[in-house]
Amino acid sequence: MDFNLQEDSPEMTEFRKEVRAWMEENMKGSEHLRWSASWSTRENEEEYSFRRGLGEKLGKKGWLFPMFPEEYGGAGLSVNHQFVLETELSRYGLNLTHVFYTLARIVAPVLIHWGTEEQKLEFLPPIARGEIVVWQVLTEPQSGSDVANCQTKAIRDGDDYIVNGQKVMVGHHLPPDALWALVCTDPDGKRHENLSWLHIPANLPGITIQHMHLMMGIKNAVFFDNVRVPAKYLIGGENNGWKVANTHLELEHGGDGRVGTDPVVDRVVEYCRNHEVGGKPLIDDPHVRDIIGDMILEINTVNRMNRRIFWHRFVKEPHAYGGAQFRYYQRMVRLRNGERLQKIMGADALIPDHGVHEVLDFEYVIRSGPGQLHGGGTLDTDRLIFARRAGIGRQTKEKAPDTV
Amino acid sequence: MDLRLTEDQEMFKKVAADFVQAEAPTTMLTQQFLKKETFLPDLYAKIAGLGWLGMLMPEQYGGAGLSYLDCGVVFEELGRAPVPGPVFSSGVLAAQMVHDGGSDAQKQELLPAICGGEAIVIPAIGDHGAHWGPETVATTCSQSGDTLTLQGTKRHVYDAEGATAFLCAVRGGDGGVSVVLVDRNAPGVTVTPHNGFMVSVSEVSFDGVEVPAGNLIGAAGAGWALFDQAAERAIPILCAYKVGACQEIYEFTVRYTNERRAFGQLIGRFQRVQDHCVELSIHMDRARMATYETLWELDEGMPAEAGIHESKAAASEGYHQACSYSHMVHAGPGTDYLHPLMVHSVLAHTLYQYLGTPDYHKRRMVDALYPGA
Chain G
1 MDFNLQEDSP
11 EMTEFRKEVR
21 AWMEENMKGS
31 EHLRWSASWS
41 TRENEEEYSF
51 RRGLGEKLGK
61 KGWLFPMFPE
71 EYGGAGLSVN
81 HQFVLETELS
91 RYGLNLTHVF
101 YTLARIVAPV
111 LIHWGTEEQK
121 LEFLPPIARG
131 EIVVWQVLTE
141 PQSGSDVANC
151 QTKAIRDGDD
161 YIVNGQKVMV
171 GHHLPPDALW
181 ALVCTDPDGK
191 RHENLSWLHI
201 PANLPGITIQ
211 HMHLMMGIKN
221 AVFFDNVRVP
231 AKYLIGGENN
241 GWKVANTHLE
251 LEHGGDGRVG
261 TDPVVDRVVE
271 YCRNHEVGGK
281 PLIDDPHVRD
291 IIGDMILEIN
301 TVNRMNRRIF
311 WHRFVKEPHA
321 YGGAQFRYYQ
331 RMVRLRNGER
341 LQKIMGADAL
351 IPDHGVHEVL
361 DFEYVIRSGP
371 GQLHGGGTLD
381 TDRLIFARRA
391 GIGRQTKEKA
401 PDTV
Chain S
1 MDLRLTEDQE
11 MFKKVAADFV
21 QAEAPTTMLT
31 QQFLKKETFL
41 PDLYAKIAGL
51 GWLGMLMPEQ
61 YGGAGLSYLD
71 CGVVFEELGR
81 APVPGPVFSS
91 GVLAAQMVHD
101 GGSDAQKQEL
111 LPAICGGEAI
121 VIPAIGDHGA
131 HWGPETVATT
141 CSQSGDTLTL
151 QGTKRHVYDA
161 EGATAFLCAV
171 RGGDGGVSVV
181 LVDRNAPGVT
191 VTPHNGFMVS
201 VSEVSFDGVE
211 VPAGNLIGAA
221 GAGWALFDQA
231 AERAIPILCA
241 YKVGACQEIY
251 EFTVRYTNER
261 RAFGQLIGRF
271 QRVQDHCVEL
281 SIHMDRARMA
291 TYETLWELDE
301 GMPAEAGIHE
311 SKAAASEGYH
321 QACSYSHMVH
331 AGPGTDYLHP
341 LMVHSVLAHT
351 LYQYLGTPDY
361 HKRRMVDALY
371 PGA
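From first to last, the protein sequence lines are chains G and S.
Taking my numbering, the leading residue of the first sequence gets 1, the next gets one more, and so forth.
Taking my numbering, the leading residue of the second sequence gets 1, the next gets one more, and so forth.
If you are wondering where the hints come from, they were derived from the structure by calculation, not from laboratory data.
Under the rule of at most 30 Å between Cα atoms (straight-line distance), these lysine-lysine pairs were calculated in the DSS-like manner:
#: 1; chain 1: S; residue 1: K13; chain 2: G; residue 2: K397
#: 2; chain 1: G; residue 1: K316; chain 2: G; residue 2: K17
#: 3; chain 1: G; residue 1: K316; chain 2: S; residue 2: K13
#: 4; chain 1: G; residue 1: K57; chain 2: G; residue 2: K17
#: 5; chain 1: S; residue 1: K14; chain 2: G; residue 2: K316
#: 6; chain 1: G; residue 1: K232; chain 2: G; residue 2: K190
#: 7; chain 1: S; residue 1: K13; chain 2: S; residue 2: K36
#: 8; chain 1: G; residue 1: K397; chain 2: G; residue 2: K190
#: 9; chain 1: S; residue 1: K13; chain 2: G; residue 2: K399
#: 10; chain 1: S; residue 1: K14; chain 2: G; residue 2: K399
#: 11; chain 1: G; residue 1: K61; chain 2: G; residue 2: K232
#: 12; chain 1: S; residue 1: K14; chain 2: G; residue 2: K397
On a predicted model such as this, the values are computed, not experimentally measured, just so you know.
Excised from the complex, chain G in its bound form (with noise of 0.2 Å):
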């Protein structure tokens, strides 16, 4: 076994000195932005263009997803460049899936291993190279972690596909580029088997969105109003979508991993050693420190559950129920943290300090404690995922798909 990140074969330390001077010539002048989060809640206009930015310049060296062959906007390049790569970012609080904004990390993916090879040259190179932001959209009013319950309706007729219905809960507070959407093809048709996904260019005439203000931030309802969406931009084969979407929620199911820690602890430890209740220090205060340790061994396993996903995941051996056990662990933390800070540091933890990224901001912890735990599915579909891939109650063991 062999727990280090940063240890190199001497053509990786060649390209991890080439990446890190990349990085530190990048990040000049922006090294306060530079955690990164699924989202931001606070649009941060500075933040929101440095990281599309980033994402841009990584994109066109192909260093996005440095595995993906050049025709598609990849690099060619080895796992042991990608984790050269993530662990360079990390040292930035930065991952190469989260860059810039963008469901890029769950949409490429799926494109390279469902599109036709017309689709992944039209669609991957842009998405790749970080040029464009795409959303996911599927959650709907009537189908939230039931996403199979698709209303959205899709209908052939002649070169196109005529779309209405609404998505709600995407996105985030500025326009994206395109759309990923799950649609449904056949009305009439069984359940799972009346499903597709439609790549839609956003600026399509009857496209309205909306913003919609949730606990975590700016989110969006979609409207598809009679939209021609051309039938070329079908992903994955008619009614075929179910199948499309297995490789799609694996890696929304936390699949994909990540080498990069939750900096929390330290500011909770910052900050109880900067503040003092009688003459002594925060730190000092045996039951702040029992919370900081419970913290400490909670996000300690977030980290390496994250670490173990992100090898099983580059060494194709996807970890069979890693990614749901992993999910429904971070979320149930991030929710015990929220309440731990308030412990801790009292009512000061329910403000925002916009000093500071909101990755670090105890306020922001707190408040998307609750708020995320069921972006993407409930923590119940977790566990129901969880129990299928471990066989818990059934013969057999649902394998994770290959996400790579």
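Chain G is already provided as a structure; the job is to place chain S on it using the hints.
Positioned in the frame of chain G, the structure of chain S alone reads:
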């Protein structure tokens, strides 16, 4: 990063797994645990024969000179049974204490005997049940000429039953803690096995026991530091044993969800039963991941203090919780002493206390990372 075992480790694992199946089958262990007869001399001799005592000790002292990961892999398999007896307490912890603190002569005399299984040396550290740490050492030691006289009672000594000698932590007249080697058969030594929801634990009394001053292991007054340093080396191996136990519990629990029917279907179809399995898996994996990373850190010579205490907290809590969740799945049948879960349940509670509770080790972890004022 590589999460695979080496070929040698896969082989160690297989040999240990085969041994467990052949020599310590569940049917036998449930009987032994029910009778509270967990020191099995024949089994211990076979383990010695396989070279699993003193695996971490240098070959010059009769050890195997293996890595922490190698040793951990074997102990994980032993934990699956769980194989009882002082394989850890004598073969890892006491061996480490003698290795770290003993004089050359003491090492030459004791270590080969520990590794060969002829000597079973058991650490007897704290005097009390509640709490853990140097302040729990209360047994006194007074010196007169070349003779030390010990007076006190160690309330909970793990694996004392098979002991041929104890490494007894004592408090000297100056208040310092020292470690003294005491022969099991010395007059005044009494070993009384406990009954209760624990196994392999005895009360050991030292009533005016006289030992030669040359039996001091390490410097006078440096006893807690000696014990603590050795324990930090040894604890991750104990954690691997608990990880193996969790793995075994997880597997037979999942199996049970596929066999037992209730309300006309397999119980594993019930989401609440599934939820118990999820929690069980998390406790198992968090103990496993922390433990193996720590074993690796020790092999690499990296700073491992925080990881050691984290592993102990995670593995003790994990073993305990794995049993609790398994009990939720098994309900009535899991409470039968002839069910393997009961072997684990009793042992998990015992090991939760052994060498400090999870709370104690969490505090040590925080102290290691963020030293207090």
